[in-house]
Amino acid sequence: MLRLTAVRHFPFDLDDARPSCHGLAEVFAERLAGDGVPADPAAALVGNRNSFSLMSAHVAAQLCPDPDVVLVGHAAHDCDLSTSVAGYLQQRLPGDPLVLAVSEQGATTGFAALTMARALHDTGAGRRILVVLADQATFTYDDPRLSGLDRRRDHAVGLLFTDDGGTPVTELRVLAQVDRQSLPSALAAAAKEAVSAPHGVLVAGAGLSPADTAAATGGQVAVRHAAADRLTTAVWSALADELAAPATCERTVVAVEYEPDLGYLSTLALTVPPAPTSGAVRD
Amino acid sequence: MSATSLAAVGSFLPDTDVTLEQAATVLGLTDQELKRYRRFFGLDRVRWATGARQEDLLVAAIGQLPDLDAYRGRIRYAIHARTIEPTGAYSSQPLHTALARTGLGHAQAFALSQHACSSGLLAVDLAGRLLDTDGDPDALVLVLTGEKTYPHVARFMPAAMVMGESSAACLVGRDGERDRVLAYTTRTYGQFNAVTVRSGPQAAAFEQMYIPGLADLIRDTVAQAGLTLDDLRLVLPHNVNRISWTRLARLLDLPLDRLMLDNIARTGHCFCADPFVNYSRARELDLLRPGDHYLMASVGLGATFSAMLLRH
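Residue numbers (the working numbering), protein chains in the order written: chain A, 239 to 521; chain B, 13 to 324.
Just chain A, with the same shape it has in the complex (with noise of 0.2 Å):
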């Protein structure tokens, strides 16, 4: 069983001591142009220029220095396609870590991270797993999905599960294939652990309107709705904001996601312990 330990938010300003990300903007304009999207080769960029490498480097810096797995989750690409992650971590952390990223799966890809992060810490893989879920916001295109998107900002966010956490994860599920009509069913199944036990919170991500969330639950547990300016970090900081929260007694919290373009709802239940004076599981 997945035991979190840690979990922190991490935004980071422009780094203009950093060169820009040369070559991004040639790479996306062949790339895309079989999408019949178009992307200005020779565009200036603008963006924060901190790439996965940095930010997974700085959350390792400050959560867990000595890691067996690093995972990095992320929706979009990657603002330097130059470095490899896994060789930047290798060559800066101790012992020899693990590291992968998951990708593809839009607004839930921090659960599909999760999905993995559990079956190598099942396998004996590691047991001080580090996820680090990461946003960047250069872009040399335009996209409706990007739009509203925090451009002043990356984000990362780190959640470390270790064997003696202190926060049991209690169900991680992510289901596919659900569309506009079966969300409310799905939804209100997805929700039941927050609502059935004495004292329930839903962490309810960007793709879930309040609408959506107080029909699921009929206004019977807290509910935490998640900003929706990033696009796959939200609900994670959103999660540590609620974990760090003073609490007098034990809760059940479930973090919830919904990707409608791609059909996924995904959940995390976790059993959270009291912490009267400040949060048991920020860091």
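The set of hints was computed from the structure by calculation and includes no laboratory data. In this text the structure is predicted, and so the values were computed from the model without any measurement. You may find that some hints are simply not true.
Partner residues aside, some chain B positions facing chain A, computed with beta carbon under 10 Å [stated by the list, open to error]:
(1) Ala15
(2) Arg94
(3) Lys160
Residues of chain B clear of chain A, computed beta-carbon distances all greater than 10 Å [claimed, not checked]:
(4) Val30
(5) Asp43
(6) Pro78
(7) Pro98
(8) Gln120
(9) Ala123
(10) Arg141
(11) Ala151
(12) Pro163
(13) Gln220
(14) Gly238
(15) Leu297
(16) Gly303
(17) His305
(18) Gly314
(19) His324
C-beta: ideal position from N, C-alpha, C; glycine also.
Mind docking chain B on chain A? Use the hints.
Leaving out everything else, chain B in the frame of chain A:
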């Protein structure tokens, strides 16, 4: 852990056969590079799926799986193992489109990367781990490999600038009778994390350690399975070039006919798909008999070396 096994493998070789000279024109290779690739690297031609999109390569590979209909309902996960992380338009989602087109939309799907061209072997290992924790003994994972190539890939992959677009689909199960995984080893040399470095001390250091490093990894993988190199019937390499494999065979004292090098000149290096495309070719040529041990090996820029030992 129960034993990971390959239930089925299908490979797609695009129809368009492109000579090295034709590819050189598209990619902007110099005459000198062209000569070097042909004479020393053993490259001759590649297969390109002109006009096809990424999703088409995946659909074509899935279409090559034998008995797909019999397996379809058991496929619980689909992983696209990628050399280069997804770099298409965010809305395009080729993996999910390919699965929907082939009646596999029910599978939980995601892409896996950061082991570059050895991400395919990583995906097989992780597929076994996913199945071990899944609870359904009949569940399968579909591992997909193969990518579109573009001129900029030449800048990322100086060791093998002419890439092919062949793709493969591999169904991974547990405790199957065929093609059981006996050992898997992966090693990342982080000092080579700058993947576009083509010259200078770093490039020279990588070149110097490449063959000894790969040889060590192969020896360790074989030993991990309790075997010796003499037990290997076949090595299914990544199709990066002929010269490095020839030198490696010499270093390991492996007869050259134990290396399946046919596809280097025929398909070229096809990102993560090589070991699987080579497996299909070995089966076509009837090179594997029941009980034979064989080894898949790949090296990815960044630099990750991986090897997987299986029993047919």
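Taking the hints in turn, this is what the structure says about them:
| no. | hint | verdict |
| --- | --- | --- |
| 1 | Ala15 | violated (12 Å) |
| 2 | Arg94 | holds (8 Å) |
| 3 | Lys160 | holds (7 Å) |
| 4 | Val30 | holds (17 Å) |
| 5 | Asp43 | holds (24 Å) |
| 6 | Pro78 | holds (25 Å) |
| 7 | Pro98 | violated (5 Å) |
| 8 | Gln120 | violated (5 Å) |
| 9 | Ala123 | violated (4 Å) |
| 10 | Arg141 | violated (4 Å) |
| 11 | Ala151 | holds (12 Å) |
| 12 | Pro163 | violated (6 Å) |
| 13 | Gln220 | holds (17 Å) |
| 14 | Gly238 | holds (19 Å) |
| 15 | Leu297 | holds (33 Å) |
| 16 | Gly303 | holds (27 Å) |
| 17 | His305 | holds (23 Å) |
| 18 | Gly314 | violated (3 Å) |
| 19 | His324 | holds (24 Å) |
The structure is inconsistent with the numbered hints 1, 7, 8, 9, 10, 12, 18, although it conforms to all the rest.
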